[in-house]
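Student: Sequence:
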Amino acid sequence: MNKIKILIICMVVFIATENVYAAEWITSDDLIKSDFHIMTAEERNGVKEETDDSMEASYMLKNNIRWYYHNGDLSIPSNFSNKHTLVVKGNLTINGDYDDYSAGDGQLIVLGNVIVDNFINHDFAYVKGEMQAKGLVYADYNDHNFEVMKGITARGIIVSDKATQFEVNNAEFYINEDTSNENYDWDANIRKAYSLFEPDLYEITEIETDNVLNAYPDYDSVAASIVQGLPLFRDKPVSGLSEKLQWIEQGKVEKFAAGNVKHEDPLVARFLTRMESLPTDVMLQLLQHPDDQTREYMAQRWPARQMHLLTAPFIKDQAVAKGLIKNSDISPEVNEKLMSTPVESVQLEQARQDNLSPEIIALLSQSPFPIVRKTLVSQYDYAWLAPASVVDELINSDDDELRERIAGADLTTRQAVALSNDQSLKVREAVAHALAELKVTRLSANMSIPDIERIADQMYLDNKDHKNIVMALFIALPEARQLSLAKEDIQYLREGARYLTSTEVINYLLTHHDNPAVWNELAHDKLLPLEYKKKLWQRTLQLMMSKRQEDQEQAYDIQLELIDNGMVDEAMLNDAIDLLPDLPAEYRYRMRNQLFDKNDLPSEIITRLDKQYRFNSDWALSVTDMTNSNRRQCDRGLRRWNDDDSVILVELDKLTDKPDDEFWLALLQSRHEQLRKTALINAHTPASAFTALVTPQDRQGAIANPQLPAEVKTAWLKEDPSLLLFADHPDPQQLRELVKTGSTRQIRSEARNKLEELK
Numbered sequence: 039m040n041k042i043k044i045l046i047i048c049m050v051v052f053i054a055t056e057n058v059y060a061a062e063w064i065t066s067d068d069l070i071k072s073d074f075h076i077m078t079a080e081e082r083n084g085v086k087e088e089t090d091d092s093m094e095a096s097y098m099l100k101n102n103i104r105w106y107y108h109n110g111d112l113s114i115p116s117n118f119s120n121k122h123t124l125v126v127k128g129n130l131t132i133n134g135d136y137d138d139y140s141a142g143d144g145q146l147i148v149l150g151n152v153i154v155d156n157f158i159n160h161d162f163a164y165v166k167g168e169m170q171a172k173g174l175v176y177a178d179y180n181d182h183n184f185e186v187m188k189g190i191t192a193r194g195i196i197v198s199d200k201a202t203q204f205e206v207n208n209a210e211f212y213i214n215e216d217t218s219n220e221n222y223d224w225d226a227n228i229r230k231a232y233s234l235f236e237p238d239l240y241e242i243t244e245i246e247t248d249n250v251l252n253a254y255p256d257y258d259s260v261a262a263s264i265v266q267g268l269p270l271f272r273d274k275p276v277s278g279l280s281e282k283l284q285w286i287e288q289g290k291v292e293k294f295a296a297g298n299v300k301h302e303d304p305l306v307a308r309f310l311t312r313m314e315s316l317p318t319d320v321m322l323q324l325l326q327h328p329d330d331q332t333r334e335y336m337a338q339r340w341p342a343r344q345m346h347l348l349t350a351p352f353i354k355d356q357a358v359a360k361g362l363i364k365n366s367d368i369s370p371e372v373n374e375k376l377m378s379t380p381v382e383s384v385q386l387e388q389a390r391q392d393n394l395s396p397e398i399i400a401l402l403s404q405s406p407f408p409i410v411r412k413t414l415v416s417q418y419d420y421a422w423l424a425p426a427s428v429v430d431e432l433i434n435s436d437d438d439e440l441r442e443r444i445a446g447a448d449l450t451t452r453q454a455v456a457l458s459n460d461q462s463l464k465v466r467e468a469v470a471h472a473l474a475e476l477k478v479t480r481l482s483a484n485m486s487i488p489d490i491e492r493i494a495d496q497m498y499l500d501n502k503d504h505k506n507i508v509m510a511l512f513i514a515l516p517e518a519r520q521l522s523l524a525k526e527d528i529q530y531l532r533e534g535a536r537y538l539t540s541t542e543v544i545n546y547l548l549t550h551h552d553n554p555a556v557w558n559e560l561a562h563d564k565l566l567p568l569e570y571k572k573k574l575w576q577r578t579l580q581l582m583m584s585k586r587q588e589d590q591e592q593a594y595d596i597q598l599e600l601i602d603n604g605m606v607d608e609a610m611l612n613d614a615i616d617l618l619p620d621l622p623a624e625y626r627y628r629m630r631n632q633l634f635d636k637n638d639l640p641s642e643i644i645t646r647l648d649k650q651y652r653f654n655s656d657w658a659l660s661v662t663d664m665t666n667s668n669r670r671q672c673d674r675g676l677r678r679w680n681d682d683d684s685v686i687l688v689e690l691d692k693l694t695d696k697p698d699d700e701f702w703l704a705l706l707q708s709r710h711e712q713l714r715k716t717a718l719i720n721a722h723t724p725a726s727a728f729t730a731l732v733t734p735q736d737r738q739g740a741i742a743n744p745q746l747p748a749e750v751k752t753a754w755l756k757e758d759p760s761l762l763l764f765a766d767h768p769d770p771q772q773l774r775e776l777v778k779t780g781s782t783r784q785i786r787s788e789a790r791n792k793l794e795e796l797k
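Residues in the sequence shown are numbered consecutively from 39, following our numbering.
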């Protein structure tokens, strides 16, 4: 065999033991150059004949698939990673593992026997003879088959959702959900696998503790361990594991010897961490278990009511700390202790979390470890909350992606100017988008609107040849520059039209561009004043008179956008209802749904739609979600939508003769979510009824109700500022504050999005 270049494709460093393991792999890239040639037509026909017992080989050997061919036996001195289509006309001996998954889609035909350590298969594999594996044979789901015509001898075999053709010659366990063998004992094979496999192969967080005999190693975990050169099997089998796992399944924690939980096998201990309502002494023992993952899992699930038990020795443990930073119930006191003694690996893990509070971001911004500060700023929206000093530290980084993220910070004028001149085009594009957003939302605490326009205008002058930058900058530019660009090329508005507010530009477009494509762009403008929406609407009515189908369809599209984006007046809504019968089916359905989805429709419009659609089940649901629908409309909608729910119908029947106030109050107090939601939204619900609402869900539903007393709304927002996200006309300044102080990333992001749509 020719000399083969050995490729080191991975090296795993175990910090805890300070040992380094390297797995040596030969790749198919190397072999096809030294030991294979492109298969000839004659060789292809010969292989087809020899594989006529295969379910898939004839398809795989079609002429349009290039195969590489080796004539004779082949011995590979190390692990083998295959991403090509290979035929071995002879025996294949691999002095290591086979993997056709990690590097790409590898296909394999062996016309003799295969000898291997572990065989990890995801794509097509056919073996004419027998396969002998010292360890594991794992065939996982793919559109291709796994076939070994003279059977498999291995320590263990797993088949997961894959078409196969083989017999088990000898194996300590064989796991296959799709086997048709009447004598197959699933439970016995699962128990045996538990006793043999390394615990790390089981994805504990996805295992159901009430069904422990339904778990086996995940393919990705096995493939990753193979590539990293990690052992799949324990040094020796562990007896009694399956019995203890069944105790967990049965909830019989008391079966474990008192004080002995911290000495249990890691697999048992990890399963225990997944149980609900564990005794406190068991949880504390799991925090003292020698297995790092056990301690991390337990800390991650540690209940809020027991946080006071986490003393400093526990919190200083790195595994416990890593779990706690993923625990959504972590108390401020525990978090303060966690941050008081900085540990680089812990803070680094925390900086990668996707829902950090502003307080944690502030603390991590002051981390003594540069890698933590860098990681924090590169994640999600955290750059926006990072102090100017951290931005100054990282703004000259060699990492283009990091500087691109920094463009999303609350930049000072000096920082914005520096990034606007960045050598990277992507960074400058990011700055352009950021400037446009800051002008629309007025979020910046460091730059005024004139500052933003001045920097944007200079960026335009410096980047005239980069159309993407100019388009991204459009809204950030001074109005005079916007107008000149609109006159130069209408395409510059492609991004900016969504937030166009310049009356000069809008008037120019309507005056000089009698073009439906331009009108469509304006119809997408979330901030377009109502007077211009009316003008656009009238133009679409004229366009509908055209005999050209293309013109008519453009008119329908513009009308749909106008109704969907922001406020429209009653005349436009009446026009839309009048148009419905004559619209083509697709547009009629879309226009109808647009109207159904507007929960702030005026009562007169609701009455018109109710007459037309009162027997429509979609309308029945929609009318109950509308602020201005009356009692009769809501009652009829609730009955029609719930016509098969006798409990709700009986509840509504009891209210038939009640006065209006009692009707709405009864809905508000109902145990049925839809009845409660109807009353929370509806403007006919008495104002006095809202004072008793205490749950976040109820307050979210009621916060936009025009009947909600102002003092109640103020009190609610003081308790939970995130309720602003559900208000109809939130105060812009309060929203800007929420972008900075929202307790989760989702709240901050939604507040930002809502700001963009406020006039």
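Since the hints were made in silico from the structure, they are not lab data. As the structure is a computational prediction, the values presented were derived from the model and not from experiment. Among the hints, erroneous ones may be present.
What the hints assert, rightly or not - List time: in silico DSSO-like cross-link candidates among lysine-lysine, alpha-carbon distance up to 30 Å:
id	residue 1	residue 2
1	LYS505	LYS525
2	LYS751	LYS792
3	LYS354	LYS300
4	LYS564	LYS715
5	LYS412	LYS354
Claimed, not checked - So the derived label-pair ranges between C-beta atoms look like this:
id	residue 1	residue 2	range
6	ARG677	GLU517	16 to 24 Å
7	ARG677	ASP607	27 to 35 Å
8	ARG452	GLU517	52 to 60 Å
9	ASP111	LYS290	49 to 57 Å
10	ALA748	ASP319	49 to 57 Å
11	MET583	ASN631	55 to 63 Å
12	ASP181	ASP691	38 to 46 Å
13	GLU795	GLU588	26 to 34 Å
14	ASP111	PRO380	57 to 65 Å
15	ALA400	ASP620	53 to 61 Å
16	MET583	TYR546	22 to 30 Å
17	GLU215	GLY278	20 to 28 Å
C-beta: ideal position from N, C-alpha, C; glycine also.
Student: The structure should be examined with respect to each hint, and the outcome stated for every one.
Tutor: To see whether the hints hold, each was checked on the structure:
no. : hint                          : result
1   : LYS505 <-> LYS525             : holds, 15 Å
2   : LYS751 <-> LYS792             : holds, 19 Å
3   : LYS354 <-> LYS300             : holds, 18 Å
4   : LYS564 <-> LYS715             : holds, 28 Å
5   : LYS412 <-> LYS354             : holds, 23 Å
6   : ARG677 <-> GLU517: 16 to 24 Å : violated, 54 Å
7   : ARG677 <-> ASP607: 27 to 35 Å : holds, 32 Å
8   : ARG452 <-> GLU517: 52 to 60 Å : violated, 25 Å
9   : ASP111 <-> LYS290: 49 to 57 Å : holds, 55 Å
10  : ALA748 <-> ASP319: 49 to 57 Å : holds, 52 Å
11  : MET583 <-> ASN631: 55 to 63 Å : violated, 25 Å
12  : ASP181 <-> ASP691: 38 to 46 Å : violated, 56 Å
13  : GLU795 <-> GLU588: 26 to 34 Å : holds, 31 Å
14  : ASP111 <-> PRO380: 57 to 65 Å : holds, 58 Å
15  : ALA400 <-> ASP620: 53 to 61 Å : holds, 59 Å
16  : MET583 <-> TYR546: 22 to 30 Å : holds, 25 Å
17  : GLU215 <-> GLY278: 20 to 28 Å : holds, 26 Å
When each numbered hint is compared with the structure, violations occur for hints 6, 8, 11 and 12.
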